[in-house]
Amino acid sequence: MNYLGRRLVRAILLLIGVSALCFLFTEMAPGSFFDEMRLNPQISPETIAALRSHYGLDQPLLVRYGRWMKSALHADLGYSIAYNTPVAPLLWSRAKNTLLLTTTALLLTWMISVPLGVWAANQRGGLLDKAVNLASSFLVSVPELVLAGALLAIAVRWRILRVGGMMSADYEGLSAWAKLQDVLLHLALPAFILVLSETAVIVRHVRASVLEVLGAPYVQAARGFGISRARLLFRHVLPVAANPAISLLGFSLAGLLSGSLLVEVVCGWPGLGPLILEATLSRDLYLVIGGIMFSALFMVGGNLVADIMLLAFDPRIRRESADAH
Amino acid sequence: MVGLLAGLHLVLLFAGFFAPYDPTTQNRELPYAPPTRVHFKDRLGFHLRPFVYVWTSGPGGDRPDSYQGSYQEDRSNEYPVHFFVSGPSYRVLGIYETGMHLFGVAEPAKVLLFGTDGYGRDEWSRLLFGGQISVAAGITATFVALLAGSVLGIIAGYYGRWIDESLMGVTELFLSLPWLYFLLGVRAFLPLHLSTIRTFFLLTGVIGLIGWARPARLVRGVVLSSRNRNYVLAARGFGGSDFYLLRRHILPEAFGLLLTQAALLVPRYIAAEVTLSFFGLGVNEPVPSWGNMLSALQQYSVLISYGWLLAPACALVVTSVIYSSLADVFHSRLKSYST
Chain A
1 MNYLGRRLVR
11 AILLLIGVSA
21 LCFLFTEMAP
31 GSFFDEMRLN
41 PQISPETIAA
51 LRSHYGLDQP
61 LLVRYGRWMK
71 SALHADLGYS
81 IAYNTPVAPL
91 LWSRAKNTLL
101 LTTTALLLTW
111 MISVPLGVWA
121 ANQRGGLLDK
131 AVNLASSFLV
141 SVPELVLAGA
151 LLAIAVRWRI
161 LRVGGMMSAD
171 YEGLSAWAKL
181 QDVLLHLALP
191 AFILVLSETA
201 VIVRHVRASV
211 LEVLGAPYVQ
221 AARGFGISRA
231 RLLFRHVLPV
241 AANPAISLLG
251 FSLAGLLSGS
261 LLVEVVCGWP
271 GLGPLILEAT
281 LSRDLYLVIG
291 GIMFSALFMV
301 GGNLVADIML
311 LAFDPRIRRE
321 SADAH
Chain B
326 MVGLLAGLHL
336 VLLFAGFFAP
346 YDPTTQNREL
356 PYAPPTRVHF
366 KDRLGFHLRP
376 FVYVWTSGPG
386 GDRPDSYQGS
396 YQEDRSNEYP
406 VHFFVSGPSY
416 RVLGIYETGM
426 HLFGVAEPAK
436 VLLFGTDGYG
446 RDEWSRLLFG
456 GQISVAAGIT
466 ATFVALLAGS
476 VLGIIAGYYG
486 RWIDESLMGV
496 TELFLSLPWL
506 YFLLGVRAFL
516 PLHLSTIRTF
526 FLLTGVIGLI
536 GWARPARLVR
546 GVVLSSRNRN
556 YVLAARGFGG
566 SDFYLLRRHI
576 LPEAFGLLLT
586 QAALLVPRYI
596 AAEVTLSFFG
606 LGVNEPVPSW
616 GNMLSALQQY
626 SVLISYGWLL
636 APACALVVTS
646 VIYSSLADVF
656 HSRLKSYST
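Top line first, the protein sequences correspond to chains A and B.
Quick note on the working numbering: the first sequence kicks off at 1 and runs consecutively.
Quick note on the working numbering: the second sequence kicks off at 326 and runs consecutively.
Here's a subset of chain B near chain A, in silico, CB distances under 8 Å, partners left out:
#1 Trp504
#2 Gly510
#3 Arg512
#4 Pro592
#5 Leu641
Far from chain B, by Cβ distances over 10 Å, these chain A residues were calculated:
#6 Glu46
#7 Leu107
#8 Pro115
#9 Trp119
#10 Pro217
#11 Arg229
Keep in mind the hints are simulated off the structure, nothing from the lab.
Only a predicted model underlies this, so the values are computations on that prediction, with no experimental measurement involved.
Every residue, glycine too, gets a C-beta built ideally from N, C-alpha and C.
Let's have the full structure, built from the sequences with the hints guiding it.
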C-alpha cells in the first residue's frame, strides 16, 4: 500500500478509536443527564425510564455503540438532550467558526514563524536570535488562559479591537463590506492570542531544524562554491528543513485546537468551545461525544493535509512510497 | 532557581501561617477593596513598625455598580502591623491545629495585601490556599501520569511484539487528540458537584490519565535501547529475573528523563486544573483554587476595574517560569550525561 493509503487507514482507525474511547467513558461514568430530573418529585420514575429508552440509554454499551456508529456513517451524530435538536447541524454551525479561527491562526502562525525561525538560525547568537529565544521561552511558559486573559484585558481597557462574540449588534444592517470588516475585527483578538502562543512553540522548532541542516556537509560545500546566503537558505536549506517542520504542523494541530477552545470561551467566540463547555456542564452526552468527534475530525484532516504536503515537499518520501509498490 | 522553587512550595505548604485570614471568611462591607497600603510615615514622623488605616467606603465611583475608587483611608486611627500574632485557626499539613500567623493587625483594621474579591474575601489568603490546591493538583496529576506512563512504557518496551504495537497504537490515539476537548469530554461523564477532596482526586486522576501517553513513549524508547545492552544481557545470563533487570539496570536509565518530564508536566497540569476550575468544572466555591478565583474575571467590568484580582494569573506565570527553567536545567544535564 502506498504512503497516502497507509495514512488514510491510520486516520480512520484513529477516528474509530476516539469514538470507542468516548463510549467507554460514558459507560464508566457514574452520573447521567437525568439525575437532576430524578430529584424532582413531579417527574415520575416511569417518565424518566421512558425518556431513557426513547434516547436509547437503557441499551447495553455495545448495542448503543453499534447504533451510533451506524448513524454516524450517515452523518447523524445523535440527538442533543438539552437543545432538543439533532447534534450534527448544531455542531456544524459552530464548527465553521472554529474552523475560521483556527485556519486563520494557523496560516498566520506559519507565515510568521518560518521566516522568523530561518532568520534567527541564520544569525545564530545574534541580537534577533537572542530576542526570539527569550520571547518564545517566556511565552511558552505562560499558560494560554493567562495570555488570553491578559490580552483581553488590554483590548477591553483601551478599546482596541471588538471583543465578545463574532458580530456587532447592528450586524444585520451593515453592508457586505462592513460585515466583513466587522467579523475581521472580532476575529483579530482571538486569532492574535492563538498566533502568539503557537508561534512561540513553532519558531523554536523551525530554528532548530534549520540549524541542524546548516551544519550538514553539503551546505558547507555549497557555501564553498560561493552561493549567496539567501539562495543557500531558501533554495538549499529550507526544503530539507521543511520535513520536520511539516510533521510538526500535524502535531501542533492538537495544541491549536485545545488553545482555540480556551480562547473561544474566554473571548466569547461562538465556536465549538463554548458549545462543548455548555454541553459538559449540562451533561449532554451525544453533544459532547459529537464535539470530541468533530475535533478529532479536524485533527485527522489537518494531519492528512500535512501528509500530502510532506509528499509534495520531500522526495525521500515519494521514493519510499514508490519503493513500496 | 532551586531556592525559588523551595520558597514557593514552603510558602504554599504553610499557607495558613503566611495568610492572615481564613480564605473563606467574607467581609460583605468590603467588596472589591483595593490592597491595603502599608505606611511608615504619619504626621508625627517615621515609625519603624509599619501601620495601616481602615478602608471606609466613601461616595461611589463614576458608576453605581462599580466600587472602583470608592474606598478611602480613614486616617483617624493607626493600626500597627504585628508579627507572629494569633488569629483564625487553621491546620498545618492537615494535622496540627494552630492560630499562629506571620502578621496581622487588630480589628477593625484589615491588612489586605492583594485587596479583596467580590465577597470581600482576602485575596492574598485565597491566593496562598488556592495555590496549595492548584499546585498540589499539578504535582499529583504529574505523578499519576508518570506512574501510568512508565509502567505501560516498560511493559511495551520490555515485552515488545504485539503488546508494544497495541500500546503504542493507543498512545498515538491519546497524543493526537486535542487534550482540552478530551478533558472536557471525560469531565462531562463525571458528576459535577462533589466534595473538594473527591473533586481533587478526580481531577488529578483525569488529567494524569489523559497525559500518560508521552511519558509512556519516552520510557519505552529508553527501555528498548537499553534492553539489549551488553551488561543487561550479561546480567540476564547470570540468571537475573525480569524484575531485577528492570529495577537494577534499565529503570535507572529512565530516571533523568522522568525527572525532566516531571518538571515539564507539573506547570502544564497546574494550568489544566486552573483551566477546568476557571470553567466551573473543577474545585468549587467557597474553597479557593487559582482557577475559580480567576473565573470572576469572566466579566469584562471586573477584569478591567480590579487589577489585584489578576494575582492568581501572575502566580501561575511565576510558577510556570520557575518550573520550566528547572526543566531546562534537567534537560541540559541529561544531554551532558548522554554525550
